[in-house]
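Generate coordinates for the entire structure from the input sequences, incorporating the hints supplied.
Protein sequences, first through last, are from chains A and B. Residues 389 to 484, numbered by the numbering used here, are exactly what the first sequence covers, in order. Residues 5 to 331, numbered by the numbering used here, are exactly what the second sequence covers, in order.
There could be a bad hint or two in this list.
[What the hints assert, rightly or not] DMTMM-like mimics (lysine to aspartate or glutamate), calculated; alpha carbons at most 25 Å apart, straight line:
#1 B:K74 / A:D460
#2 A:K418 / B:E320
#3 B:K74 / B:E85
#4 B:K91 / A:E444
#5 B:K321 / A:E462
#6 A:K480 / A:E425
#7 B:K74 / A:D463
#8 A:K418 / B:E145
#9 B:K190 / A:E417
#10 B:K74 / A:E447
#11 B:K74 / A:E462
#12 A:K418 / B:E191
#13 A:K418 / B:E199
#14 B:K190 / A:D431
#15 B:K74 / A:D426
#16 B:K76 / A:E462
#17 B:K76 / A:E447
#18 B:K91 / A:E448
#19 B:K74 / A:E425
#20 B:K321 / A:D463
#21 B:K240 / B:E199
#22 B:K74 / A:D472
#23 B:K76 / A:E414
#24 A:K418 / B:E149
#25 B:K76 / A:D463
#26 B:K74 / A:D475
#27 B:K169 / A:D472
#28 B:K76 / A:D460
#29 B:K91 / B:D314
#30 B:K76 / A:E448
#31 B:K257 / A:E448
#32 B:K76 / A:D426
The set of hints was computed from the structure by calculation and includes no laboratory data. Computed from a prediction, not measured in an experiment: that's the story for all the values here.
This is what each chain is made of:
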Amino acid sequence: MTADAVNSSSLDRAQVLDLVREQLAEILEKSPADIGEDVPFADLGADSLALIELVEALEENLATHVAGFHIDDEDLENLLSVRDAVDYVSAKLQVA
Amino acid sequence: MTLPIALDAMGGDFAPSEIIAGARRAVDELGLSVILVGVPDLMGDPLGLEVVACTEVITMDDDPAGSVRKKKDSSLVRAAELVRDQKASAMVSAGNTGATMASALLRMGRLPGVVRPCIATPIPNPGRTPTVLVDAGANAECTPEMLVQFAQMASAFVEAHYGVKSPSVGLLSIGEESSKGTPLVKETHQLLAAEPGLNFVGNVEGRDLIPSRVDVVVTDGFTGNVALKTLEGALKFIFATVLGAVATNDATKAAGDVLFEYLLPIASQLTPENQGGAMLLGLNGICVISHGSSNATAIMNALRVASEMDRDGVVEKMRLTIRPDQG
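As structure tokens, then:
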């Protein structure tokens, strides 16, 4: 799913999952198909810097969908897998 | 018109005065164009240099990745943004190494295909071009694929910067035999041997760092940093011991007067402040990391290296090395 497609439609959980997988795959130089939803970030080879890259990429992609979309730094320590990130982002989008 | 180099005026043990003094020397003695990035109220006299003002400073104690998010108006982040926005040709900092790397990575981005940037440190090799050690500390844990990329990027750097054709690459291990080393080293050995375009000559050992028979030494960041600090400490000890011995009595001082004429040029080559710091390879931009204890001479030389990397088109050459199909 491209960033443009994300921006032009309302997002369901599946779309958020695609976005998170796509962005993380680009950061880790892997195929999105290799990014398991329940595999811990650490097991995927994503260190703290990679997670910051992911957070900043998600904020940039979703800011045009929800003005000022922001992931709170205090919540980062609870995001341990793709599922955690998708659940978190989905919840924020629904509240916005 | 040449873009200026963005210098983090707030980073380093002797910032901002020594940093600014180094920038002034780079302008006056080397003809470079430098802009300072810093907090005006903390910087003091910028010695006639242009200043890009910011309001925050990432300290040595700050968490590297988190600080880039928390201190968006810091000198490090702003310097990286100047390169990203093509208002500066390169960035230089003597500050928090992890935060420098995070700022550069998060703002400039990685070259396509690069898994992780690495720190390349030139080790002086009197009589020949320096040997480049990668990774010197950016990635404590590595995969074999990362080490192969480090070798490719360092080779491209050596070829572009030192003019060495087909740089020789050695893999740091505990023996020359391909059977020696950790599982990471053994697997990397196989990949390097099979990699086309790399002049892999086999394993090298710690004693081969200086003097070295290879142009590039590849290892993981943890081992590389330990090796580098060991070398620095040993050289410092030797210098201090020789100087102490020479100062013993009149006879040794007289002998020193004769010897120093021959030893000082070699010592100058080995002195850290003359090396120009370490380079971050794999970024979509130039970032030079100067030692935290950098004085004005070290900063001037770090700026010199940044300028040379820009002149030599190092980033573009690395881009083509990692993704030749994009040429």
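Do the hints match the structure? See the list:
A C-alpha spacing of about 11 Å is found between B:K74 and A:D460, which places the hinted pair at or below 25 Å, so the restraint holds. Between the alpha carbons of A:K418 and B:E320 the distance comes to roughly 23 Å, so the proposed pair stays at or under 25 Å and holds. Restraint check for B:K74 and B:E85: the C-alpha separation of about 15 Å stays at or below 25 Å, so the hint holds. Only pairs whose Cα atoms come within 25 Å are accepted, and B:K91 paired with A:E444 is accepted, the gap being roughly 22 Å.
A distance of roughly 40 Å separates the Cα atoms of B:K321 and A:E462; the hinted pair therefore is violated under the 25 Å criterion. The straight-line distance between the Cα atoms of A:K480 and A:E425 is roughly 19 Å, inside the 25 Å bound, and the hint therefore holds. Under the criterion of a C-alpha separation no larger than 25 Å, the hint pairing B:K74 with A:D463 is consistent with the structure, at around 14 Å. The suggested pairing of A:K418 with B:E145 holds, with an alpha-carbon distance near 18 Å, which does not exceed 25 Å.
Between B:K190 and A:E417 the CA atoms are separated by roughly 23 Å; this keeps the pair inside 25 Å, and the hint holds. Restraint check for B:K74 and A:E447: satisfied, since their Cα atoms lie roughly 15 Å apart, inside the 25 Å limit. With a C-alpha separation of about 11 Å, the suggested pairing of B:K74 with A:E462 holds against the 25 Å cut-off. Restraint check for A:K418 and B:E191: the C-alpha separation of about 20 Å stays at or below 25 Å, so the hint holds.
Distance check on the hinted pair: A:K418 and B:E199 sit about 20 Å apart at the alpha-carbon level, within 25 Å; holds. The hinted pair formed by B:K190 and A:D431 meets the criterion: a straight-line CA distance of about 22 Å does not exceed 25 Å. With a CA separation close to 29 Å, the supplied pair B:K74 and A:D426 exceeds the 25 Å bound. Distance check on the hinted pair: B:K76 and A:E462 sit about 16 Å apart at the alpha-carbon level, within 25 Å; holds.
Of the pairs offered as hints, the one joining B:K76 and A:E447 holds, with about 15 Å between alpha carbons and a cut-off of 25 Å not exceeded. A distance of roughly 22 Å separates the Cα atoms of B:K91 and A:E448; the hinted pair therefore holds under the 25 Å criterion. Restraint check: the Cα-Cα separation between B:K74 and A:E425 comes to about 28 Å, which exceeds 25 Å; the hinted pair is violated. For the hint linking B:K321 to A:D463, the alpha-carbon distance of about 40 Å lies beyond 25 Å, and the restraint is violated.
Taking the CA atoms of B:K240 and B:E199, the gap is near 38 Å; set against the 25 Å cutoff, the hint is violated. Distance hint between B:K74 and A:D472 is fulfilled; the C-alpha atoms sit about 22 Å from each other, no more than 25 Å. Taking the CA atoms of B:K76 and A:E414, the gap is about 24 Å. The hint holds against a cut of 25 Å. Only pairs whose Cα atoms come within 25 Å are accepted, and A:K418 paired with B:E149 is accepted, the gap being roughly 12 Å.
Restraint check for B:K76 and A:D463: the C-alpha separation of about 18 Å stays at or below 25 Å, so the hint holds. Simply put, B:K74 and A:D475 have alpha-carbon atoms about 24 Å apart, close enough for the 25 Å limit, and the pair holds. For the hint linking B:K169 to A:D472, the alpha-carbon distance of about 49 Å lies beyond 25 Å, and the restraint is violated. Among the hinted pairs, B:K76 with A:D460 is consistent with the structure: their alpha-carbon atoms are about 14 Å apart, no more than 25 Å.
Distance check on the hinted pair: B:K91 and B:D314 sit about 13 Å apart at the alpha-carbon level, within 25 Å; holds. Taking the CA atoms of B:K76 and A:E448, the gap is near 15 Å; set against the 25 Å cutoff, the hint holds. With a C-alpha separation of about 65 Å, the suggested pairing of B:K257 with A:E448 is violated against the 25 Å cut-off. A threshold of 25 Å between alpha carbons decides the hint, and for B:K76 with A:D426 the separation of about 32 Å lies outside it, so the pair is violated.
Of the numbered hints listed earlier, those contradicted by the structure are 5, 15, 19, 20, 21, 27, 31 and 32.
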